[in-house]
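Respectively, the protein sequence lines represent chains A and B. If you're matching positions, the first sequence starts at 1 in this note's numbering and goes up one per residue. If you're matching positions, the second sequence starts at 333 in this note's numbering and goes up one per residue.
Just to be clear, a hint being listed does not mean it is correct.
[Stated by the list, open to error] Computed footprint of chain B on chain A, listed as stretches where at least three residues anywhere in the stretch have a Cβ under 8 Å from a Cβ of chain B:
(1) 52-59
(2) 224-231
(3) 291-298
[As the list claims (entries may be wrong)] Here's a subset of chain A near chain B, in silico, CB distances under 8 Å, partners left out:
(4) Gln25
(5) Phe26
(6) Pro27
(7) Val44
(8) Trp46
(9) Gly48
(10) Gly49
(11) Phe194
(12) Val234
(13) Ser249
(14) Ser250
(15) Thr268
(16) Val270
(17) Arg273
Honestly, the hints are just simulated from the structure, not real lab data. A virtual CB, placed ideally from N, CA and C, is assigned to each residue, including glycine.
Number of protein chains: 2
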Amino acid sequence: MSRVAIVGATGAVGQTFRQVLEERQFPATEYVLLASERSAGKAVDWVGGQHTVKPLTADSFADVQFAFFSAGGSVSREYAPLAARTGALVIDNSSAFRMAPEVPLVVPEINADAARQHQGIIANPNCSTIIMTMPLWPLHRHNPVRRVVVSTYQAASGAGARALEELESQTRDVLAGQPAVPSVFHVPCAFNVFSHNTAIGEDGYNVEEKKMILETHKIVGDGSIAISPTCMRVPVARAHTESLAIEFSSAIEESAAREWLGAAPGVTVVDDRAQNRFPTPLDASDRDDVLVGRIRRDPSVPENRGLSLICSGDQLRKGAALNAVQIAELFI
Amino acid sequence: MSRVAIVGATGAVGQTFRQVLEERQFPATEYVLLASERSAGKAVDWVGGQHTVKPLTADSFADVQFAFFSAGGSVSREYAPLAARTGALVIDNSSAFRMAPEVPLVVPEINADAARQHQGIIANPNCSTIIMTMPLWPLHRHNPVRRVVVSTYQAASGAGARALEELESQTRDVLAGQPAVPSVFHVPCAFNVFSHNTAIGEDGYNVEEKKMILETHKIVGDGSIAISPTCMRVPVARAHTESLAIEFSSAIEESAAREWLGAAPGVTVVDDRAQNRFPTPLDASDRDDVLVGRIRRDPSVPENRGLSLICSGDQLRKGAALNAVQIAELFI
Chain A
1 MSRVAIVGAT
11 GAVGQTFRQV
21 LEERQFPATE
31 YVLLASERSA
41 GKAVDWVGGQ
51 HTVKPLTADS
61 FADVQFAFFS
71 AGGSVSREYA
81 PLAARTGALV
91 IDNSSAFRMA
101 PEVPLVVPEI
111 NADAARQHQG
121 IIANPNCSTI
131 IMTMPLWPLH
141 RHNPVRRVVV
151 STYQAASGAG
161 ARALEELESQ
171 TRDVLAGQPA
181 VPSVFHVPCA
191 FNVFSHNTAI
201 GEDGYNVEEK
211 KMILETHKIV
221 GDGSIAISPT
231 CMRVPVARAH
241 TESLAIEFSS
251 AIEESAAREW
261 LGAAPGVTVV
271 DDRAQNRFPT
281 PLDASDRDDV
291 LVGRIRRDPS
301 VPENRGLSLI
311 CSGDQLRKGA
321 ALNAVQIAEL
331 FI
Chain B
333 MSRVAIVGAT
343 GAVGQTFRQV
353 LEERQFPATE
363 YVLLASERSA
373 GKAVDWVGGQ
383 HTVKPLTADS
393 FADVQFAFFS
403 AGGSVSREYA
413 PLAARTGALV
423 IDNSSAFRMA
433 PEVPLVVPEI
443 NADAARQHQG
453 IIANPNCSTI
463 IMTMPLWPLH
473 RHNPVRRVVV
483 STYQAASGAG
493 ARALEELESQ
503 TRDVLAGQPA
513 VPSVFHVPCA
523 FNVFSHNTAI
533 GEDGYNVEEK
543 KMILETHKIV
553 GDGSIAISPT
563 CMRVPVARAH
573 TESLAIEFSS
583 AIEESAAREW
593 LGAAPGVTVV
603 DDRAQNRFPT
613 PLDASDRDDV
623 LVGRIRRDPS
633 VPENRGLSLI
643 CSGDQLRKGA
653 ALNAVQIAEL
663 FI
């Protein structure tokens, strides 16, 4: 008997939450769809019935067992502690609590045990971080990772539904010979590549890159891994792609790495050199697994300690809603 | 008094050759536009007159002083030695002679001296390699580079004019709800990212990546630089972007790196952290300089020896035609 709340039910991640919960036949007896006043009152057809989106209030969480939050950091900061005090287990997709010491930051394939230590709130990691740690972890378990250089190719929809609309409408404009007028992003996104749209700190790293460093340390439980990230947006609708150059503690065999990745839950190896078939965001879109390929020894690292690969994962599924639902499933 | 031939005058690079030669008022007394039988007879309006494209034959190079070749490796292998024997200085944009020991491989800002050793043919490097070496060289001169991890974001037009047309028409199809049907590329290019469309060797590296390693060694004159490339295509019309994580021989100050890059000919620093303005392929398109930004210390390298940056350069200009014309200008 579980009552499940979705906060931010009408957003891009909220939609994916509903899809994933339905597909996985999550054992909910009732769903409470919550959103801002603006979206409240909307009717949503889902899991065999019509649901009316309700406005989020302090009283929204009575008898709620699981509350999935995906409505931004400020909503989470205000309502997640309330929901937790009411007895709900909050799984929060915002960055509000990710680095709080008392809040577990969980990728179930990696650190499910950490989830059991929760005090009412469990944080869902950043999408790029989840997609990177999925192939990193099965390797790290066998041969500790010393350093990763990662460059991302991130989809527009990672910045929300409006960003995706901007990519589409701006692309139409450019193809029609009209100028690209940026609005959601700070520069044109159609047929362009640009540094991630988060603020840059004094050290020169943007917020997304800092998340990839700090959150990876917390998830993997090893703050000694040196991480060098460059986060970029590409004109892709959905799914983030990442290029990883990994240095290990000791020599690594390509064949062993391939075996470990092939056996890892949540990872699918797509690595056909003859046909030039490797992970792409189009193939990763709407899939649960993170696709991994271009697995090859990196001779630029001494002592055979280097391996490179690329990966693509759906940032709305494994990078957000799916991972959060998997966390909830640990408690069923 | 110089007669100048352009072999492959009607292709994407050939068009850029004509543009660059006109802009720079290259001191030619006469231009000979050459192409395959298929394109011969075409009329081209250019530098104040109409030129008729002639078919490429063994006799095309009489009295030609400079011959720019950009018609693929097999055309170069057949006709470049002929042209050189006839007395022309061949500047070859194909990969046919790049690694031949007797053929200089030249980026004028880096190794103009090497050009003087030519025996009739000078090779123009691979586009991704030129764009990477432009910011690498001014740093390497001051603090030798030990290792570079580079991930590329390469434009469709790098694969030719037909690839660019495929990007545009396929994007139209996808926006109209039609399926993406790949033809030039092996996978859909519209709203997608994919591993570079060159063959993969037994070591797992594709031809483009191998060029970035070997050609950089030859241009910079230092085979000890460890290079770890991942070459990818993105749905961008023109200009290649690259993410570089560089390890130096000794500690590097960000401010010094910024100064060296700012003073480097052919390099423009675009690095506004407050406004989140950094190099993009849209900004680099149709520009001569390689744009460099996101310059920041990389703390994942010990002893302050790490620096990261991104760069964007027009692969048809500095990556091809402009660099070739600059080589010719060394001899005027």
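Checklist line | Hinted contact Gly49/A with chain B - closest CB pair below 8 Å | finding: Since chain B brings no Cβ nearer than about 29 Å to Gly49/A, farther than 8 Å, the hint is violated.
Next item on the list: For the hint on Gln25/A, just tell me whether its beta-carbon gets within less than 8 Å of chain B.
Entry: violated, 31 Å
Next item on the list: Mind taking a look at whether chain B covers the segment 52-59 of chain A? Criterion is 3 or more residues with CB to CB distance under 8 Å.
Entry: Answer violated; 0 residues pass the 8 Å Cβ test.
Notebook entry, point to check: Minimum Cβ distance from Thr268/A to chain B below 8 Å?
Noted result: violated, 16 Å
Checklist line | Interface hint outcome for Phe26/A [beta carbon to chain B under 8 Å] | finding: Nearest chain B Cβ about 31 Å off; hint violated.
Margin query: Given a cut of 8 Å on the nearest C-beta pair, is the interface hint for Val234/A held or broken against chain B?
Written below: holds, 5 Å
Margin query: Let's test the interface hint: is any C-beta of chain B closer than 8 Å to that of Val44/A?
Written below: violated, 24 Å
Checklist line | Outcome, coverage of the segment 291-298 of chain A by chain B - at least 3 residues whose beta-carbon is closer than 8 Å to one in that chain | finding: holds (count 6)
Note to self: Val270/A was flagged as interface toward chain B. Is the shortest Cβ-Cβ separation under 8 Å?
What the structure shows: violated, 10 Å
Item checked: Status of the hint placing Trp46/A at chain B (closest C-beta pair under 8 Å) -> violated, 24 Å
Next item on the list: Against chain B, run the beta carbon of Phe194/A and see if the smallest gap drops under 8 Å.
Entry: Where the cut-off is 8 Å and the nearest Cβ of chain B is about 5 Å from Phe194/A, the hint holds.
Item checked: Hinted contact Pro27/A with chain B - closest CB pair below 8 Å -> This hint is violated: Pro27/A lies away from chain B, its Cβ roughly 36 Å from the closest one there, beyond 8 Å.
The structure shown violates the earlier hints numbered 1, 4, 5, 6, 7, 8, 9, 10, 13, 14, 15, 16.
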